[in-house]
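So you can see what is in the structure, the chains are spelled out below.
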Amino acid sequence: MATKNAAPRNFGFGEDETLLRDMARQFLDERLPVETLRGLVAEAPEPIYDEGQAPRWDAGLWKEIVELGWTGLAVDSEDGGAGVSLVGIAGVVEEVGRHALPSPLVSTLAASWVLREAGSDVAKAQLTRIAEGATATLAITGERGAWDPGAPALSARDEGDDLVLDGTACFVQDALKADCLLATARLGDDVVLCKVAPDATGLEIRADHIHDLTRDQATLRFANVRVGPDAIISRSALPALQRAWPALLVLVSADLCGTSEWQLQTTVEYAKQRKQFERQIGFFQAVKHPLVNAMVEIDRARSLLYHAACEIDRGADDAETAARMAKSAASDAGAFISDRSVQLHGGIGFTWECDVHIFFKRSLHNQALYGDGVHQRKRLASVMMGPIG
Amino acid sequence: MSAAVLTPEQQEFQEYARRWLAENAPPPAPERLPITPIEVMTTGQRDYLQAWQRKCYDAGLVGADYPTEYGGGGHEGFQRIANLEMGRARVPFLINIVGLNMAAPTILVHGTDQQKKKFVPGCLSGDEIWCQGFSEPGAGSDMANQQTSAVRDGDDWIVNGHKVWTSLGHFAKWMILITRTSKDHKYDGLTYFLCPIEGHAGVTVRPLVKITGEAGFNEVLFEDARVPDAYRLDEVGKGWTVAMTTLTYERGAAESAGSGGGDGPHPTQRLIDLARDTWRDGECAADDPVTRDAIMQRAIVAEGMKQNGRRARVPALCDHPMRLPLQQKLTSSEFVQDNARLGVEIAGAHSTLYKLDEKAPSEGYWPLAYMNSYGHTIAAGTNEIQRNILGERVLGLPKSK
Ligand SMILES: Cc1cc2nc3c(=O)[nH]c(=O)nc-3n(C[C@H](O)[C@H](O)[C@H](O)COP(=O)(O)OP(=O)(O)OC[C@H]3O[C@@H](n4cnc5c(N)ncnc54)[C@H](O)[C@@H]3O)c2cc1C
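These protein sequences, in sequence, are chains A and B.
For the first sequence, position 319 (counting from the first letter as 1) is numbered 314 according to this note's numbering, and the numbering increases by one without interruption.
For the second sequence, position 35 (counting from the first letter as 1) is numbered 36 according to this note's numbering, and the numbering increases by one without interruption.
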């Protein structure tokens, strides 16, 4: 695991990380220009919402991504992965967000980080599979929508060497594309972490109807789902989950920074080209100034993102604080530029035809995921100001 | 300075600065000091602060990056370190901000060797206080609309006109001055001078009272004031270009050669302490969830500014080289304002008290800091103008000129 070093002045962002990010950008520019994205996710809206879930991703593109080794970015080299730092991963995920890549990549990276922190043999074996291209996701939130891992969705009971799971896990990202579900459950005073196959007996996966067109989400009902010892990752997983949590916030923040930058640049381009009153609308300060405000917010979020990733990489004590600051800033910046990106496109911005809505919805989804700005600040306040009362 | 860690020389300098500041922190001021240099009002405050700047200069903590032939220390990358250490040590600020942050760097870029030798050392030591004569009644945001004229007369120029909002003008020996030397071209008709002020014939300095009730800036009237041609900076008609250099330094987009000075505890801690000490509707303000959320928002902006500064030094993480530097003035001034506004809100009814009221908490700090903060969002080009600049230069949006 990461050792405690002095904070590097460049956030630990060196040549390798730059190269990785630039390759990701180039690859996605080529393979997923916005016209392609639109064809993939945004044509024929009604059936998409009707069916609840369509596989709105390009399996061929995903195969290339696996070949590039992206699923293994967070897997240590001894387990067959690339062992890239979180700063390096953040650079890639920003590009993923900037292209609104429909894929279970972020879920898989998040699951990998939890497995890494858990560190058991079962976890390591699963990490190797992920490095080879298996996808994974986390089932940790219950019906009451708790955002932190201390209140798992499911309950577990011992039956011989096996565990039996019951309950409902909600808001499970990309569950329809996951080869492996990582579920947490309460067992006495402990939180257990185990892996469950999507086709396990007693497990019902029902797709949610969601706005975000670039991912799927599901509700998982567990009725006496049996988990053998070879699938139990940890019987006391809370510390590992808590250690992993800042990294999950960083991954979502990176995606948000990417979508926000796309929204900014696209809206700026529109403001340079659209004319009203014989001028480009970007001439008017009612258009110009909010775009500058958005840039300021996005830059703040990006700097906080690299800082948080860097603090996690070096195992610093303030990793959680830094990550919550990053998620708060990224959620709020995302909300602001999303709002302005639709508004400043005018009538066309209100339509399904304009690509802006694809990014708007992905951002909206990410803003809530793992806790919005208010939630992060509530937790921050308890760290920085102490509990209420 | 590069992204690399400190060189051994820089490290040694850092240790030296830290030690020197610990051993030489000045005694408390004889009278209360204002929050920033542009509020310095009395000769008592001035003398105390001028002596402190001189001491820091003699110790090598001011002008450390400047060439030795112009009175500097001649060591690249030292000033930032000194500034950080001065901030950390919470010593008083350096009074000569116009001299340090605007006049000296501009003279270094545009001046003759003689001008550099004559003017730079006084800027650094603080022995000669400078002021800036850019604004006029009709030339604020539209800075090129200068009406103050300079007309050539042999080896001199004759200056007539009216400057306003001249910070530190009441103590200044010199002014960086823009004038109109030709009516035919708006931008190319400007010329930049280094103009004597204190006791100079034809120059009248009159104080103006600020929103806070303090004096501290001025209007300056020129009536046939003579300025030798030797004090002209750069060519006739190049005044706009020179002024742009000054503004780049003034707005913090270029790494400034010196400032420093501490401004007390970390701003977030200040707000937390205030909330802990304040009762609102019978409860401790620090327990109010809305107040807590507001303080955390400020904390995130504070950390964001710090990390922006760090990221600005990693070119691979910046898509446009000026994107972060040009945000500096906008974000830092609004940060100060929003913090002070929140302080006023938390302090509630106590914010009604002026500093002279003995019940005023923290000697009336919050409401005064709030009002003072408009000095920063208006001066050096208003933040609306900063947004225009960012929109046009960084985002490439059409120009509003
Ligand atoms: C505390 C303080 C200290 C100062 N010290 C000095 C000094 O030492 N030397 C010096 O030369 N000057 C100094 N100034 C002057 C300062 O630079 C000017 O006040 C400033 O540039 C604004 O000009 P103005 O006051 O004429 O306002 P105006 O230009 O009249 O602006 C009025 C309002 O209109 C807005 N506005 C104007 N044009 C535009 C536009 N194109 N787009 C959008 N909004 C616009 C402004 O943002 C502002 O809100 C100081 C000012 C203050 C407050």
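Read the hints as simulated data drawn from the structure, not as lab findings.
No experiment lies behind these values; they were computed from the predicted model shown.
Think of the CB as a built atom: it goes at the ideal place given N, C-alpha and C, for glycine as much as any other residue.
The reader is advised that the hints may include incorrect statements.
[To be verified] Only some residues are given here: those of chain B computed to face chain A with a beta carbon under 7 Å:
#1 40
#2 271
#3 328
[Said to hold, decoys possible] Some chain A residues close to chain B (C-beta under 8 Å, calculated; not the full set):
#4 4
#5 6
#6 7
#7 234
#8 237
#9 238
#10 267
#11 268
#12 269
#13 270
#14 272
#15 275
#16 290
#17 345
#18 370
#19 379
[As the list claims (entries may be wrong)] Pair by pair, the computed Cβ-Cβ distance ranges are:
#20 306(B) / 13(A): 48 to 54 Å
#21 6(B) / 11(A): 18 to 24 Å
#22 11(A) / 333(B): 44 to 50 Å
#23 306(B) / 270(A): 34 to 40 Å
#24 236(B) / 310(A): 43 to 49 Å
#25 333(B) / 143(A): 45 to 51 Å
#26 17(A) / 307(B): 25 to 31 Å
#27 291(B) / 139(A): 19 to 25 Å
#28 239(B) / 280(A): 26 to 32 Å
* Hint says 19 to 25 Å; check whether the CB-CB distance for residue 291(B) and residue 139(A) agrees. => holds (23 Å)
* Let me know if the C-beta of residue 271(B) comes in closer than 7 Å to any C-beta of chain A, holds or violated. => Violated, because the Cβ-Cβ distance from residue 271(B) to chain A comes to roughly 13 Å (cut-off 7 Å).
* Do the Cβ positions of residue 17(A) and residue 307(B) conform to the proposed distance bound of 25 to 31 Å? -> holds (27 Å)
* Going by Cβ atoms only, is residue 268(A) closer than 8 Å to chain B? -> violated (11 Å)
* **Interface hint outcome for residue 275(A) [beta carbon to chain B under 8 Å]** => Holds, because the Cβ-Cβ distance from residue 275(A) to chain B comes to roughly 5 Å (cut-off 8 Å).
* With chain B as the partner, please determine if residue 234(A) meets the hint condition of a C-beta pair closer than 8 Å. => violated (25 Å)
* To do: Under 8 Å, Cβ to Cβ, is where residue 270(A) needs to be relative to chain B, so tell me if that hint holds or is violated.
  => Hint violated; residue 270(A) Cβ to chain B Cβ min 10 Å, cut 8 Å.
* Asked: Do the numbers back the hint for residue 379(A), that is, is its least Cβ distance to chain B under 8 Å?
  -> holds (6 Å)
* Asked: Given residue 370(A) was flagged as interface, is its beta-carbon under 8 Å from a beta-carbon of chain B?
  -> Hint violated; residue 370(A) Cβ to chain B Cβ min 10 Å, cut 8 Å.
* **Supplied distance hint 34 to 40 Å, evaluated on CB atoms of residue 306(B) and residue 270(A)** => Since the Cβ atoms of residue 306(B) and residue 270(A) sit about 37 Å apart, the hinted range of 34 to 40 Å holds.
* Asked: Does the Cβ pair residue 11(A), residue 333(B) satisfy 44 to 50 Å?
  -> violated (34 Å)
* Falls inside 43 to 49 Å, the C-beta gap from residue 236(B) to residue 310(A)? -> Once the Cβ atoms are compared, 58 Å apart, the range 43 to 49 Å for residue 310(A) and residue 236(B) is violated.
Hint compliance for this structure: hints 1, 2, 6, 7, 8, 9, 11, 12, 13, 14, 17, 18, 20, 22, 24, 25 are broken, all remaining hints hold.
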